[in-house]
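Going by the working numbering, the letters in the sequence shown line up with residues -14 to 107, in that order.
There's no promise every hint is true.
[What the hints assert, rightly or not] Just the calculated beta-carbon pair ranges, DEER-fashion: (1) G24 - V61: 39 to 49 Å; (2) Y(-3) - I71: 32 to 42 Å; (3) T(-13) - R21: 34 to 44 Å; (4) A59 - L18: 38 to 48 Å; (5) F65 - R23: 34 to 44 Å.
What the hints contain is simulated information worked out from the structure, not anything from laboratory work. C-beta atoms are modelled at their ideal positions from N, C-alpha and C, and glycine is treated no differently.
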Amino acid sequence: MTIQGALTILMYALAPFLWLIVAGVGLLVIVQLIARLRGYAALRYRCLGANLASLAVGLSGLWWIPAFTSSRLAYVATVFDWVALIGAVVGLAVAAWLVLHPLSYLVRGQRQARAGRALPRG
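Starting from the given sequences, assemble the full structure and let the hints guide the process.
Shown next, in the form of structure tokens:
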């Protein structure tokens, strides 16, 4: 199978979920924008909970990505299938981190600012 053929199959597979992808990107942009307007900087703020939650969301993709596409993990047999699934899991973990990390800043940052404590700086 050529790369062009694989990309064609991938585009047809993504087409029914395009609305979900657009909604996720919209949520990501809104959360990032609000957090950055309130002083969020990804490399200066640390939150172990957001990191662990993002890892858990990414690993949960091994269960629900095949179920969401009416498939099973047993059907992941070829190298291309595994690369696609691992790429989806890593992408899911990164997208979850990009949403959860600034959200934790907004929640913890507001609470710590009211308590008079400074946020941890890296």
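TODO: Could you check the hint for me, namely that Y(-3) and I71 are 32 to 42 Å apart, CB to CB?
DONE: violated, 21 Å
- [ ] State, for the Cβ atoms of T(-13) and R21, whether the hinted interval 34 to 44 Å holds or is violated.
- [x] Holds, since T(-13) and R21 (Cβ atoms, about 41 Å apart) stay within the stated range.
Task: Outcome of range test on Cβ distance (G24, V61; 39 to 49 Å) - done: Given a distance of about 43 Å, which is inside 39 to 49 Å, the answer is holds.
Task: Range hint 34 to 44 Å (beta carbons of F65 and R23) holds or violated - done: holds, 42 Å
TODO: Indicate whether the distance between the beta carbons of A59 and L18 respects the range 38 to 48 Å.
DONE: holds, 41 Å
Hint 2 alone, counting from the list given before, is not met by this structure.
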